[in-house]
Amino acid sequence: MEILHYTFMQNALIAGILVSLAAGIIGSLIVVNRLVFLTGGVAHSSYGGIGMAIYFGLPIFLGASLFTVATALLLAWLTFKKRHLSDTYIGLIWAVGMAIGVIFVDLTPGYNTDLMSYLFGSILAVQHSDLWFMGALLAMVLFAVHHWYREFLAISYDSDYAALRGIPTGRFYTLLLILSALTVVIAIKVVGLILVLALMTIPTHIASHRSSTLYGMMMLSALLAALFTLIGLWLSYRYDLTSGACIILAAATGLIMESLWRWLRSRQIRN
Amino acid sequence: MNVLRVENLRFAYDREPVLQGVNLEVDEHEFVAVIGPNGGGKSTLLKLIMGELLPDEGTITVLGKSPRQAREEIGYVPQNTNVNLDFPIRVLDVVMMGNPKQHLEAANWWERLFPVRYNSLEKRCAYTTLQKVGMEAYLDRRIGELSGGQRQRVMIARALCAHPRLLILDEPTSSIDVEGQKQIYALLKELSRDLTVLVVSHDLSVITEYADKAVYVNRSSYTHDLRRSPIHLQQPEGEHFCEIELMQMLAEKTCDCEHHAGKKEES
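Chains A and B are the protein sequences, given in the same order. Taking the working numbering, the leading residue of the first sequence gets 128, the next gets one more, and so forth. Taking the working numbering, the leading residue of the second sequence gets 121, the next gets one more, and so forth.
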């Protein structure tokens, strides 16, 4: 319990829980809507926002938020009616966003901050002020999903039918991409923009087998994400490893164990 | 009273018309089967009836209104091809999607704060709607656990949830075995006592046993009243042969109709 005496560790734990809630809830919506790689494109393009924020001397979170939301809006506009072209646009946004980030970092005079912390996460990077920003973004995500839960459920299950019943599917598709962009920003400092996708999909995949409602899936995913985050943070502190990678490997181990357990059970039932 | 009236309808996506000279009258409590070859314009006709497309010529009246004005009174069961069976959703959730406004109409301010939960009125509505299709015992079951026929009944319940006066189904039995198909059509026949049913179908051998009218659509249309002259497809020569014969007969009648329409236009 000694690790809880350090302020940076307290910050990391709070940040971990905030990230888990966002990743579990939005991850569930992303998975059932089959938008995992679209979110991957948004996540990687956020590097452009980080680079621009560094160059212009703005807070990193603000730069990343504005840039990823703009990317999400652009992707929503490009892909809503042309889903078959999604792959092309995702690849484009993914690479161009990262290239913009690299160029702006190159142009920044005397820049020497550890950029790896944004790519793979770092528990040391979480400041007290970051927690407030992450908390505010999470509150927006929670409010939107709670308030429009039925609309999100309807467009996720059968988008065509939802449109027939008068639900503006295009608007909710755009909102969903904006919420995933905000979730990426919340998770940048804990798991990093490269690994955030795994935290949004692994707990969700496990939860999908054990839930009969989307709401139940969201809750269970958030709980599992929190569990994997806490285990990963402890491993990161104990062995001085990168936090994001530890969290993702803890989640992957959980997924393998759950899959094995399910396989053994199905064998038992057959026998 | 006419629930649906289509007069001299013409529609083209490009220059070549998909539908031309289509006429159709459907009365209250009728069970109508729309049949015809693939690419003959059946799905386009449905889209026009539901107000998703606008006709180039002619008129469509649904319950005395334009299709867009009548949208709230039309229940629709789409073809079940894109539904994800792994989706974590209960029968109750699916049925309530048919009437998204009910929550706001019935809920008090406290219930409105928690859209995740259904209020008692909604639960009662879902239960009674599921009773109509014989699925009330499955209210809390995950939809992916149901058989194809049971899922289709739930989709019909979803369409009935908003209390429509016209129920439109697009190939409701496309992935169901013959016994299941018969059960679905018997259910639709029963439902047609309270509302009007319009079904697009390929299952000629089954549907002609239950429907009141068969509307053959292949660019133009021909309506055959099955109550006046029933078609019996269960012949010793084999079912498939008879289906082809029926299609040919209806196709010839449709050509006649098109020919007459052409002559009328010329004169």
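Treat the hints loosely; a few may be bogus.
[As the list claims (entries may be wrong)] 30 Å max Cα-Cα, derived DSSO-like pairs, lysine-lysine:
(1) B/K167 <-> B/K302
(2) B/K185 <-> B/K302
(3) B/K243 <-> B/K333
(4) A/K208 <-> B/K167
(5) B/K302 <-> A/K208
(6) B/K221 <-> B/K185
(7) B/K167 <-> A/K209
(8) B/K221 <-> B/K302
[As the list claims (entries may be wrong)] Label pairs and their computed distance ranges (CB to CB):
(9) B/G159 <-> A/R394: 20 to 28 Å
(10) A/R389 <-> B/N158: 35 to 43 Å
(11) A/G297 <-> B/S267: 51 to 59 Å
(12) A/R161 <-> B/D297: 27 to 35 Å
[Stated by the list, open to error] Heads up, incomplete: computed chain A residues facing chain B, CB under 7 Å, no partners named:
(13) R277
(14) A290
(15) R292
(16) T296
(17) S338
No lab work stands behind these hints: they were computed from the structure. Glycine included, every Cβ here is placed at the ideal spot set by N, Cα and C.
Here is what the structure says about each hint:
1. Under the criterion of a C-alpha separation no larger than 30 Å, the hint pairing B/K167 with B/K302 is consistent with the structure, at around 26 Å.
2. The straight-line distance between the Cα atoms of B/K185 and B/K302 is roughly 33 Å, outside the 30 Å bound, and the hint therefore fails.
3. A distance of roughly 36 Å separates the Cα atoms of B/K243 and B/K333; the hinted pair therefore is violated under the 30 Å criterion.
4. A threshold of 30 Å between alpha carbons decides the hint, and for A/K208 with B/K167 the separation of about 18 Å falls inside it, so the pair holds.
5. At roughly 37 Å between alpha-carbon atoms, B/K302 and A/K208 are farther apart than 30 Å, so this suggested pair is violated.
6. For the proposed pair B/K221 and B/K185, the alpha carbon gap of about 22 Å is at most 30 Å, so the pair holds.
7. For the given pair, B/K167 sits about 20 Å from A/K209 by alpha-carbon distance, which is consistent with the 30 Å threshold.
8. For the given pair, B/K221 sits about 33 Å from B/K302 by alpha-carbon distance, which is inconsistent with the 30 Å threshold.
9. At about 48 Å, the beta-carbon gap between B/G159 and A/R394 misses the expected band of 20 to 28 Å.
10. Separated by about 41 Å at the C-beta atoms, A/R389 and B/N158 satisfy the suggested range of 35 to 43 Å.
11. Hint check: A/G297 to B/S267, Cβ distance near 34 Å, so the stated range 51 to 59 Å is violated.
12. Checked against the given bound of 27 to 35 Å, the beta carbons of A/R161 and B/D297, roughly 29 Å apart, stay inside it.
13. The restraint placing A/R277 at the interface with chain B holds, with a minimum CB-CB distance near 5 Å, inside the 7 Å limit.
14. With a least beta-carbon distance of about 9 Å to chain B, the hint placing A/A290 at the interface is violated under the 7 Å criterion.
15. A cut of 7 Å between beta carbons decides the hint on A/R292: the least distance to chain B is about 6 Å, and the hint holds.
16. For A/T296, the interface hint is violated, since its Cβ never comes within 7 Å of a Cβ in chain B; the closest pair sits about 12 Å apart.
17. The beta carbon of A/S338 is positioned within 7 Å of a beta carbon in chain B (closest approach about 5 Å), and the interface hint is therefore held.
Hints 2, 3, 5, 8, 9, 11, 14 and 16, counting from the list given before, are not met by this structure.
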